[in-house]
Amino acid sequence: MTIPVLRAESLVKRFGGFTAVDDVSFELMPGGSLGIVGESGSGKTTTARILAGLEQPTSGTVTLAGRALEGDSRRARRQRAGRLQMIFQDPYGSFDPRQSIARSIAEPMRLHAPGTRKEHRARVAELLDQVGLSSRVGEALPRDLSGGQRQRAAIARALGMAPRVLVLDEAVAALDVSIQAQILTLLDELRRETGISYVFVGHDLAVVRYITDTAIVMRHGRVVERGETERVLRAPQHPYTRLLLDSIPSPDWDLERVARDRRALDPR
Amino acid sequence: MLAKTTEAATHRDALGITGLSLAIGTGADTVPLLAGVTVRVGRGETVGLVGESGSGKSLTARSALGMLPRGARTTGTVTAGGVDVLGAGRRELRDLRRTRVSMIFQDPRASINPVRRVGDYLTEGLRARGVSAHAAGEKALDLLGQVGIRDPLGALRRFPHEFSGGMLQRVMIAGALSTEPELLLADEPTTALDVTTQAEVVGLLKDMQRAHGTGMLFVTHDLDLAAAICDRVYVMYAGRIVEEAAGSALFGAPAHPYTRALLEASPSVHGDRAVIKAIRGRPLALAESPPGCSFRDRCPLADDACAGAVPAHRRHGASTAACLRPEQVTP
Numbered sequence: 001m002t003i004p005v006l007r008a009e010s011l012v013k014r015f016g017g018f019t020a021v022d023d024v025s026f027e028l029m030p031g032g033s034l035g036i037v038g039e040s041g042s043g044k045t046t047t048a049r050i051l052a053g054l055e056q057p058t059s060g061t062v063t064l065a066g067r068a069l070e071g072d073s074r075r076a077r078r079q080r081a082g083r084l085q086m087i088f089q090d091p092y093g094s095f096d097p098r099q100s101i102a103r104s105i106a107e108p109m110r111l112h113a114p115g116t117r118k119e120h121r122a123r124v125a126e127l128l129d130q131v132g133l134s135s136r137v138g139e140a141l142p143r144d145l146s147g148g149q150r151q152r153a154a155i156a157r158a159l160g161m162a163p164r165v166l167v168l169d170e171a172v173a174a175l176d177v178s179i180q181a182q183i184l185t186l187l188d189e190l191r192r193e194t195g196i197s198y199v200f201v202g203h204d205l206a207v208v209r210y211i212t213d214t215a216i217v218m219r220h221g222r223v224v225e226r227g228e229t230e231r232v233l234r235a236p237q238h239p240y241t242r243l244l245l246d247s248i249p250s251p252d253w254d255l256e257r258v259a260r261d262r263r264a265l266d267p268r
Numbered sequence: 001m002l003a004k005t006t007e008a009a010t011h012r013d014a015l016g017i018t019g020l021s022l023a024i025g026t027g028a029d030t031v032p033l034l035a036g037v038t039v040r041v042g043r044g045e046t047v048g049l050v051g052e053s054g055s056g057k058s059l060t061a062r063s064a065l066g067m068l069p070r071g072a073r074t075t076g077t078v079t080a081g082g083v084d085v086l087g088a089g090r091r092e093l094r095d096l097r098r099t100r101v102s103m104i105f106q107d108p109r110a111s112i113n114p115v116r117r118v119g120d121y122l123t124e125g126l127r128a129r130g131v132s133a134h135a136a137g138e139k140a141l142d143l144l145g146q147v148g149i150r151d152p153l154g155a156l157r158r159f160p161h162e163f164s165g166g167m168l169q170r171v172m173i174a175g176a177l178s179t180e181p182e183l184l185l186a187d188e189p190t191t192a193l194d195v196t197t198q199a200e201v202v203g204l205l206k207d208m209q210r211a212h213g214t215g216m217l218f219v220t221h222d223l224d225l226a227a228a229i230c231d232r233v234y235v236m237y238a239g240r241i242v243e244e245a246a247g248s249a250l251f252g253a254p255a256h257p258y259t260r261a262l263l264e265a266s267p268s269v270h271g272d273r274a275v276i277k278a279i280r281g282r283p284l285a286l287a288e289s290p291p292g293c294s295f296r297d298r299c300p301l302a303d304d305a306c307a308g309a310v311p312a313h314r315r316h317g318a319s320t321a322a323c324l325r326p327e328q329v330t331p
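Top line first, the protein sequences correspond to chains C and A.
Everything in the first sequence is counted per the UniProt record's numbering, starting at 1 for the first residue and increasing by one.
Everything in the second sequence is counted per the UniProt record's numbering, starting at 1 for the first residue and increasing by one.
A couple of the hints might just be wrong.
Stated by the list, open to error - Result set (EDC-like, lysine to aspartate or glutamate): computed pairs, CA atoms no more than 16 Å apart in a straight line: (1) K139(A) <-> E162(A); (2) K277(A) <-> E189(C); (3) K139(A) <-> D151(A); (4) K206(A) <-> E45(A); (5) K139(A) <-> E180(A); (6) K139(A) <-> E124(A); (7) K206(A) <-> D254(C); (8) K206(A) <-> E180(A); (9) K277(A) <-> E264(A); (10) K206(A) <-> E256(C); (11) K139(A) <-> D120(A); (12) K277(A) <-> E256(C).
Stated by the list, open to error - Label pairs and their computed distance ranges (CB to CB): (13) H212(A) <-> G227(C): 43 to 49 Å; (14) T2(C) <-> R150(A): 47 to 53 Å; (15) R98(A) <-> A259(C): 43 to 49 Å.
Bear in mind the hints are in silico, worked out from the structure with no lab data behind them.
Quick caveat: nothing in here was measured; it's all calculated off a predicted structure.
The beta carbon of each residue, even a glycine, is placed where N, CA and C say it ideally should be.
Pulled out of the complex, with its shape left as it was, chain C reads as follows:
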């Protein structure tokens, strides 16, 4: 029996009196892709940040590659970083504006993968190629890159640490449709080739359907529905999942039905 590469058990996160994440559990199998779906205030991003160690849970545990993640020490964070990396909606803020893309990719790699300068340079070239960036882009500064190129660079940098899990927080939400498709197909390829696992946090059900195998739907910090992504979208059990689906514009879009769904969910 394979064991999950990532397991979250009864995660709770409170900010003062507000409970942002309320008893959230899930498992991610090696090579699998899990969607976390929800709207603003659902707790999906806080959950992702707990996985990445950017927030400490109030209670509950995260187990990564068989090891429970605890504490916030330098050592703990570095260990975690070698196994799990996070990609944000706009990676601009996570690149040093004065450093070339290639150097930004090489720097964290030096901490995690021992080797000579030359080996690192070769690895950077390989990573750039893997995400479809030219070596010329590698020499450029972050501000010279388009949104799509920057997202590719962020993926290359994350892959440099050979993580088991990539947490993608609305990673394609800010991109144009044609560029979004390029990044989605790239992510698809990478998963097939490397066996990496994804936690894909997003609000766009069509994108989640494309990129994940299983999904949880979150609302007000709680998981309201879980299952295979196809099943969740084809035969939603929870009224909130139905509301999300009916809210997607389509040729036979029924705005009356959306209003009805909403009333059924929150009777005033």
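Take the given structure of chain C and dock chain A to it, following the hints.
Here is chain A on its own, set in the frame of chain C:
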């Protein structure tokens, strides 16, 4: 174009943009932004303007209010609410914005004064038209009720930061419609909202538009959204209109390779789980696009003939498309 000429003669359109070209800079530094853009919005009609970054969709919408980049040079005509916008003076433009054409934006917080109460915001346009303070207050109250704000009386005294994004966008819609405009320009008005809120705000916009007979130009990057709510849709690429289609026809029968490529690049929740096809390259602005058809570098159908000249719009099915071979896009 698809305009019914007899109808156009009797009913003035809410918006008519004809052959609009726009450039900034001079001499060698000239940067063209729009070329030959023609857009029509009839009274009470919902028209979509769809495109990716840099396509010129927002610029086109803004031109309807004379909101042009500094130093812009234009050819062509823009007629909004019966006013020749490009020839109008500042006074006339201000009058147009105050009375006949309204605009709402993606981020309502960026376009409302944060230190003024919502009531003041809603009544200022009416007061400027000479409506009495009392009548303007009544009207604002009525509009807030119509856009689904609970406790409208309390809302009048609140500040923008006391509203959620969805509620504030409702307030903006109430403000935009307070002057009973002929034309509403909506620039990505639901892009920043959650999907369920988007559905509510779109429903509200459509209801309000029907009730007031307002023509709406709906600018969006979301093809699904445009097709779902628009009577007609214009697809823009690199500063030009590349296709005009009935909203309902867009999915079944795209006539331009770019429209088709966009559809194939978008994942969907409907139907079988299908592969998506990425479009190679990135969306271009007019200034960086190649001569001839701007899309030809990324187009699977392109050959040497496409480099010759910018393709004229030609009829194909229920659409017109600026393509030499629309029959190969949808047979």
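To see whether the hints hold, each was checked on the structure:
1. A hinted pair counts as satisfied when its Cα atoms are at most 16 Å apart, and K139(A) with E162(A) does not qualify at roughly 21 Å.
2. Between K277(A) and E189(C) the CA atoms are separated by roughly 13 Å; this keeps the pair inside 16 Å, and the hint holds.
3. Of the pairs offered as hints, the one joining K139(A) and D151(A) holds, with about 15 Å between alpha carbons and a cut-off of 16 Å not exceeded.
4. For a cut-off of 16 Å, the pair hint linking K206(A) to E45(A) stands: about 10 Å separates their Cα positions.
5. A threshold of 16 Å between alpha carbons decides the hint, and for K139(A) with E180(A) the separation of about 11 Å falls inside it, so the pair holds.
6. Among the hinted pairs, K139(A) with E124(A) is consistent with the structure: their alpha-carbon atoms are about 12 Å apart, no more than 16 Å.
7. Taking the CA atoms of K206(A) and D254(C), the gap is about 12 Å. The hint holds against a cut of 16 Å.
8. Between K206(A) and E180(A) the CA atoms are separated by roughly 15 Å; this keeps the pair inside 16 Å, and the hint holds.
9. Restraint check for K277(A) and E264(A): the C-alpha separation of about 6 Å stays at or below 16 Å, so the hint holds.
10. With a C-alpha separation of about 12 Å, the suggested pairing of K206(A) with E256(C) holds against the 16 Å cut-off.
11. For a cut-off of 16 Å, the pair hint linking K139(A) to D120(A) stands: about 12 Å separates their Cα positions.
12. With a C-alpha separation of about 33 Å, the suggested pairing of K277(A) with E256(C) is violated against the 16 Å cut-off.
13. H212(A) and G227(C) have their C-beta atoms about 44 Å apart, which keeps the hinted 43 to 49 Å range intact.
14. Look at T2(C) against R150(A): about 51 Å separates their beta carbons, and that is inside 47 to 53 Å.
15. About 33 Å separates the C-beta atoms of R98(A) and A259(C), a value inconsistent with the hinted range of 43 to 49 Å.
Hints 1, 12 and 15 from the list above are not met by this structure, while the remaining hints are.
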